[in-house]
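Keeping their order, the protein sequence lines are chains Y and A. Quick note: the first sequence uses my numbering, first residue 170, plus one each step. Quick note: the second sequence uses my numbering, first residue 2, plus one each step.
One thing to keep in mind: the hints can contain errors.
With a straight-line Cα cutoff of 20 Å, these simulated SDA-like cross-link-like pairs (lysine to any residue) come out [what the hints assert, rightly or not]:
#1 Y:K377 <-> Y:R335
#2 Y:K376 <-> Y:V350
#3 Y:K456 <-> A:L143
#4 Y:K293 <-> Y:K376
#5 Y:K456 <-> A:E78
#6 Y:K456 <-> Y:A392
#7 Y:K376 <-> Y:G401
#8 Y:K377 <-> Y:E314
#9 Y:K376 <-> A:S170
#10 Y:K177 <-> A:S170
#11 Y:K177 <-> A:R51
#12 Y:K456 <-> A:L79
#13 Y:K456 <-> A:L131
#14 Y:K177 <-> A:G173
#15 Y:K456 <-> A:S170
#16 Y:K432 <-> Y:K177
#17 Y:K177 <-> A:S194
#18 Y:K177 <-> A:T193
#19 Y:K177 <-> A:G172
#20 Y:K377 <-> A:A36
#21 Y:K177 <-> A:P147
#22 Y:K177 <-> A:L131
#23 Y:K376 <-> Y:E353
#24 Y:K482 <-> Y:L227
Here are some chain Y residues the structure puts well away from chain A; computed CB gaps all over 12 Å [what the hints assert, rightly or not]:
#25 S173
#26 G178
#27 K183
#28 Y287
#29 A460
Think of the hints as simulated: they come from the structure by calculation, not from any bench. Idealized CB from N, CA, C, for every residue including glycine.
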Amino acid sequence: MNDSGSQKGTVTVKRGLAQMLKGGVIMDVVTAEQAAIAQEAGAVAVMALERIPADIRLNGGVARMSDLALVQRIMDTVTIPVMAKARIGHLAEAQCLQALGVDYIDESEVLTPADDKYQIDKHKFDVPFVCGAKDLGEALRRIAEGAAMIRSKGEAGSGNIVEAVRHMRTIRDQIAELGAVPEEELVRRARDIGAPLDLIQYVAREKKLPVVLFCAGGVSTPADAALMMQLGAEGIFVGSGIFKAAAVYKNGVPEYDDNGFPKVNPDIALKYAKSIVAATTHFNDPKAIVAASMTLAGAKPMDGVDIRQLDEKQLMSVRGN
Amino acid sequence: MTEVVRDATSAPPHEASRPLVGVLALQGDVDEHVAMLRGIGARTLAVKTRAELDAVDGLIIPGGESTTVIRLLDRFELAEPLVARVRAGLPLWGTCMGMIVAATDVAGVDQRSLGLIDITVRRNAFGRQLASEEVPLAIPALGDDPFPAIFIRAPWIERAGAGVDVLASHGGHGVFVRQANVMGTSFHPELTSDSRVHAFFLEIVARSL
Numbered sequence: 170m171n172d173s174g175s176q177k178g179t180v181t182v183k184r185g186l187a188q189m190l191k192g193g194v195i196m197d198v199v200t201a202e203q204a205a206i207a208q209e210a211g212a213v214a215v216m217a218l219e220r221i222p223a224d225i226r227l228n229g230g231v232a233r234m235s236d237l238a239l240v241q242r243i244m245d246t247v248t249i250p251v252m253a254k255a256r257i258g259h260l261a262e263a264q265c266l267q268a269l270g271v272d273y274i275d276e277s278e279v280l281t282p283a284d285d286k287y288q289i290d291k292h293k294f295d296v297p298f299v300c301g302a303k304d305l306g307e308a309l310r311r312i313a314e315g316a317a318m319i320r321s322k323g324e325a326g327s328g329n330i331v332e333a334v335r336h337m338r339t340i341r342d343q344i345a346e347l348g349a350v351p352e353e354e355l356v357r358r359a360r361d362i363g364a365p366l367d368l369i370q371y372v373a374r375e376k377k378l379p380v381v382l383f384c385a386g387g388v389s390t391p392a393d394a395a396l397m398m399q400l401g402a403e404g405i406f407v408g409s410g411i412f413k414a415a416a417v418y419k420n421g422v423p424e425y426d427d428n429g430f431p432k433v434n435p436d437i438a439l440k441y442a443k444s445i446v447a448a449t450t451h452f453n454d455p456k457a458i459v460a461a462s463m464t465l466a467g468a469k470p471m472d473g474v475d476i477r478q479l480d481e482k483q484l485m486s487v488r489g490n
Numbered sequence: 002m003t004e005v006v007r008d009a010t011s012a013p014p015h016e017a018s019r020p021l022v023g024v025l026a027l028q029g030d031v032d033e034h035v036a037m038l039r040g041i042g043a044r045t046l047a048v049k050t051r052a053e054l055d056a057v058d059g060l061i062i063p064g065g066e067s068t069t070v071i072r073l074l075d076r077f078e079l080a081e082p083l084v085a086r087v088r089a090g091l092p093l094w095g096t097c098m099g100m101i102v103a104a105t106d107v108a109g110v111d112q113r114s115l116g117l118i119d120i121t122v123r124r125n126a127f128g129r130q131l132a133s134e135e136v137p138l139a140i141p142a143l144g145d146d147p148f149p150a151i152f153i154r155a156p157w158i159e160r161a162g163a164g165v166d167v168l169a170s171h172g173g174h175g176v177f178v179r180q181a182n183v184m185g186t187s188f189h190p191e192l193t194s195d196s197r198v199h200a201f202f203l204e205i206v207a208r209s210l
């Protein structure tokens with residue numbers, strides 16, 4: 170607190186920025202050019218990361234925080250909030266991103282985890298964090314660590330919506346269930362799902378999380394976005410769904426630019442991004458979703474994978490707990 | 002305690018004459034405004050379509066991203082009817098993003114706005130998220146108690162035209178302005194439990210009927 174009584178980095182302002190993003194689409198970008206396309210399409214924020222999840226899945230190796238000079242360029246290019254991913258438990262990456270001045274940090278299972286036991290103590294930061302969750306217990310543990318926004322995990326880079334649906338339904342069902350149990354049961358519920366009692370009591374009373382809940386991991390068409398909004402997501406993260414659909418191939422092989430980034434067709438990316446934004450806004454109006462989808466005539470969504478054909482070690486959603 | 006559930010047909014006779022306040026619901030913190038308005042007795046409507054826009058007695062453009070909402074207003078052909086209704090006297094309140102969308106000019110960037118209140122705003126003027134803050138703000142029009150103002154990547158008012166009242170300032174810049182039926186705040190009263198700014202707007206709506 171200073172002379173004017175101003176307080177920065179409070180829980181209210183951290184959670185508040187996520188509230189401003191509701192009803193919107195946050196798009197993964199790996200270059201400043203992609204960030205400009207996302208903003209032009211109507212994205213409410215961009216997420217900077219080293220490689221989009223589908224490419225991490227394709228190429229393997231260790232996925233880390235983005236090149237900081239690139240994050241800076243993205244911040245200089247767009248006026249919307251810039252989020253950036255840090256590895257689970259990698260508090261030094263998070264410190265760098267805070268020092269750079271990004272607007273949100275995603276402590277993300279999409280990157281290769283840096284700590285197999287502990288997540289970052291997010292209360293120690295003034296910059297807010299978003300974290301992924303597969304169920305209510307995981308969401309509340311992240312909030313207890315200081316997360317100011319939650320996204321259902323889904324299976325990033327799969328182009329398959331089934332995991333996103335499973336995780337969103339699980340979180341919503343568990344919230345509804347808690348809202349219906351007698352108060353004396355809440356201590357046992359807290360033990361069972363492994364979450365602090367005060368957060369369990371909050372959810373039981375308010376029938377919602379104390380922070381905004383977005384969906385991530387598998388959205389690749391306008392109808393996917395509308396589905397997740399109808400299931401209770403307050404907004405959408407799109408990872409690979411836009412720029413993978415706009416990837417440029419030669420004889421079936423992805424092309425790369427001089428800096429090693431996959432080439433994308435900007436017109437197709439813009440069309441995809443706009444259509445997913447429109448479907449997110451009008452998620453309850455099938456005619457509007459049809460209109461948004463029609464703009465994609467001739468373009469093809471990214472290839473998807475059947476989650477059941479993946480080995481446990483290929484799943485990203487099981488990282489962090 | 003069980004709440005008494007009433008259907009629409011048994012609503013008291015004055016129900017329909019209470020003003021209907023719309024919250025533009027293309028993107029942003031719509032629910033927070035709706036909850037606050039209901040808490041002080043207003044009827045509310047989330048506005049996404051032309052028909053919903055035509056039905057309301059006052060409109061709030063909530064907090065959110067101005068680049069997103071100005072594009073969606075154009076894409077869904079709502080900008081023109083919104084401007085026409087506000088020019089004809091519809092009370093309008095923009096919070097943060099909403100004030101940017103309603104302004105005459107946006108400083109420093111090439112961004113379209115609707116020109117409904119004669120101000121120039123500067124986006125993210127106080128800084129990025131790390132500069133977001135909670136401040137006890139003096140607003141004489143609302144009484145002696147300071148208002149718990151929440152600024153999030155907030156804009157400030159760089160220029161206010163002759164017909165514009167500046168009702169509060171912070172850091173040397175206007176953050177609460179009113180010109181006739183249109184008002185704007187850089188901060189977010191909908192994120193607090195203090196309903197005074199909402200009551201202030203509701204009175205403008207009530208007097209316009």
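Here's how the hints hold up against the structure:
1. Y:K377 <-> Y:R335: holds (18 Å)
2. Y:K376 <-> Y:V350: holds (11 Å)
3. Y:K456 <-> A:L143: At roughly 45 Å apart (the allowed maximum being 20 Å), L143 of chain A and K456 of chain Y break the hint.
4. Y:K293 <-> Y:K376: violated (28 Å)
5. Y:K456 <-> A:E78: Holds - the C-alpha atoms of E78 of chain A and K456 of chain Y are around 15 Å apart, at most 20 Å.
6. Y:K456 <-> Y:A392: At roughly 11 Å apart (the allowed maximum being 20 Å), A392 of chain Y and K456 of chain Y satisfy the hint.
7. Y:K376 <-> Y:G401: The given pair, whose Cα atoms are some 12 Å apart, holds under the 20 Å limit.
8. Y:K377 <-> Y:E314: holds (18 Å)
9. Y:K376 <-> A:S170: The hint is violated at about 37 Å.
10. Y:K177 <-> A:S170: holds (18 Å)
11. Y:K177 <-> A:R51: Between K177 of chain Y and R51 of chain A the Cα gap is close to 39 Å, so the pair fails against 20 Å, i.e. violated.
12. Y:K456 <-> A:L79: holds (17 Å)
13. Y:K456 <-> A:L131: violated (40 Å)
14. Y:K177 <-> A:G173: Given that 20 Å is the threshold and the Cα spacing comes to 18 Å, the pair holds.
15. Y:K456 <-> A:S170: It is violated: about 45 Å lies between the C-alpha atoms, which goes past 20 Å.
16. Y:K432 <-> Y:K177: violated (40 Å)
17. Y:K177 <-> A:S194: holds (19 Å)
18. Y:K177 <-> A:T193: holds (16 Å)
19. Y:K177 <-> A:G172: Holds, at about 15 Å.
20. Y:K377 <-> A:A36: holds (15 Å)
21. Y:K177 <-> A:P147: Status holds; Cα separation ~18 Å.
22. Y:K177 <-> A:L131: Status holds; Cα separation ~7 Å.
23. Y:K376 <-> Y:E353: Given pair K376 of chain Y, E353 of chain Y holds - Cα atoms ~17 Å apart, limit 20 Å.
24. Y:K482 <-> Y:L227: Answer holds: K482 of chain Y to L227 of chain Y is near 14 Å, not above 20 Å.
25. S173: Violated, since 6 Å does not exceed 12 Å.
26. G178: violated (7 Å)
27. K183: violated (8 Å)
28. Y287: At roughly 24 Å from the nearest Cβ of chain A, Y287 of chain Y sits farther out than 12 Å, so the non-interface label holds.
29. A460: A460 of chain Y not clear of chain A: closest Cβ-Cβ about 10 Å, inside 12 Å.
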